[in-house]
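Trainee: Sequence:
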Amino acid sequence: MASTVSSLAIPFAEFRLRTLHVTDIRGERASGEYIGLRILSSTIAFVLGVVYSLLTNGLASLGVVTLYLIYSIATAFIEGFHAIDQRHRRMDYIGLSYILQGLSTLAVFCLGLWLTNSLEVAVGAMALAAVAVGIFYDVPRTRRFDSITPILDLPTAVRTLLALLPLVLAQVASSAVLAIPRQELAREMGEAALGIYSSIAAPVVIVQMGAAYVYGPLMGEFAESFYRERRAGLRLLGKTTLAVLALAAVLAVALLIFGRPLLWLMFGEKVLPYISLLQPTIICTVFTAFAWFFNDLLLALRDFRGALIGNIAAVVTTAVCSTYTVRAFGMNGVSWAGVASYGVALAVMALFFARDYRRLGR
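Numbering (full-length UniProt numbering), first residue to last: 1 to 362.
Hints are computed from structural coordinates only; laboratory data are not their basis. One or more of the hints may lead you astray.
In silico lysine to any residue, SDA-like type, Cα no more than 25 Å apart, as pairs [as the list claims (entries may be wrong)]:
| # | residue 1 | residue 2 |
| --- | --- | --- |
| 1 | K239 | K270 |
| 2 | K239 | L194 |
| 3 | K239 | L8 |
| 4 | K239 | E224 |
| 5 | K239 | R90 |
| 6 | K270 | A350 |
| 7 | K239 | L360 |
| 8 | K270 | G195 |
| 9 | K239 | D92 |
| 10 | K270 | W336 |
| 11 | K239 | S225 |
| 12 | K239 | Y52 |
| 13 | K270 | S198 |
| 14 | K270 | S199 |
| 15 | K239 | G343 |
| 16 | K239 | R355 |
| 17 | K239 | L115 |
| 18 | K270 | L360 |
| 19 | K239 | V205 |
| 20 | K239 | P150 |
| 21 | K270 | V253 |
Here the structure is a predicted model, which means the values were calculated and not measured.
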C-alpha cells in the first residue's frame, strides 16, 4: 500500500524539475527558485498521498504510508541538488549520493526491523537515513557550485507548477502504459500469470536503466547543442542513439545467455518453463527506453505539449489493444502491447522533435 501511494504521489513531488533544471541554459530560473518549487511540490505530493491513503485505506496503514511518503519525497528532493551537480559536471557526486542512500537505507531498514519487528520503525529509519544523506553529504557539495537557499514566491510558484502540470500528466500517462495490459493479464489469466510475467520482466529493467544512464548525463549537452548550433545537437543525438542501441544490444544478449540461470537463482524452477517471455520483454524494454529518451529530449527543447501528446497517444493505444494482445499472445501480450504503445509514442514525439528542430533554424 505504501509503495502504491508513493508511486502516485511522487510525480507531483518531482514535476520533472531535475530535467528542466539541467536543461535550463537560458537562465529561466535561479537554482534557489528550483529548490523553492521543490518545497511546494513536495508539500503538495505529501498532502495528496496522505489524503489518498485515508480515502482508500482509512487509518489502518496511515503510519507506515506517511513514513514511506517522507522517505520517497526526501529522495526526490535530493534530485534538486543532483541537478545542480550535473550542471557543473560532477556526476561522481551524484553516483556516490545514490550509493550512500542505497546502503544506508537498506542497513537501517534491516536493523530496525530486526530490533523492533516494527515496519513503522524500519521505514521511519529509512526516511531519517535519506534525509541525513541529503543534509550531510549532498548539501555541502552542492553549495560549492551555486546558492541553494530556497526562493519561493507562492503565487509565482503556483503559476509555474500549473504551467508544468502537463509534464506530470505525461509521466503518469507513461507509467500507465504497461499497467493497463498487466491488469488485463490478471483479469484474463489470473494473478498467478501476472506474477510469472512480473518475475520474468524484473531483470530486464536493467536494459532500460542502462539506457537512462547513457543519455541522462547528456541532457544539458543536448539543450546547449541544439540552441547553439542545431546540427551539433543532431550529431549528438545520432551518437547517443547508437550508444543506447549498442548498450541495449549487449545487455539483451547477456540476458538471453544468462537469463535462465539468473531467473532460476532469483525465483527458482517455477519460472523456467516461461523463459520464452524474455525476448518480447527485452524488445518492449528497448522501446520503453527510447520513448523515455525522446520524452526528455522534448523537455530539453521545452516542448511540453509534444511530450504530453506522445504519452497520451501511448495510453490510448494500450487501452485499445491490450485486450486483443493478451487474448492473442497470452502473457507475451503485455510486452507486445507495450511495443505497440511506445512505438506510437516514439512516432508522435519524433514528429514533434522534427518540428522543433526546423524551428531552431529560423
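Trainee: If a hint holds in the structure, say so; if it does not, say that too.
Mentor: Consistency of the hints with the structure:
no. : hint           : in the structure
1   : K239 with K270 : 41 Å, violated
2   : K239 with L194 : 37 Å, violated
3   : K239 with L8   : 35 Å, violated
4   : K239 with E224 : 16 Å, holds
5   : K239 with R90  : 22 Å, holds
6   : K270 with A350 : 41 Å, violated
7   : K239 with L360 : 20 Å, holds
8   : K270 with G195 : 11 Å, holds
9   : K239 with D92  : 23 Å, holds
10  : K270 with W336 : 23 Å, holds
11  : K239 with S225 : 13 Å, holds
12  : K239 with Y52  : 44 Å, violated
13  : K270 with S198 : 13 Å, holds
14  : K270 with S199 : 10 Å, holds
15  : K239 with G343 : 21 Å, holds
16  : K239 with R355 : 21 Å, holds
17  : K239 with L115 : 51 Å, violated
18  : K270 with L360 : 54 Å, violated
19  : K239 with V205 : 23 Å, holds
20  : K239 with P150 : 37 Å, violated
21  : K270 with V253 : 23 Å, holds
Of the hints listed earlier, those the structure fails to meet are numbers 1, 2, 3, 6, 12, 17, 18, 20, in rising order.
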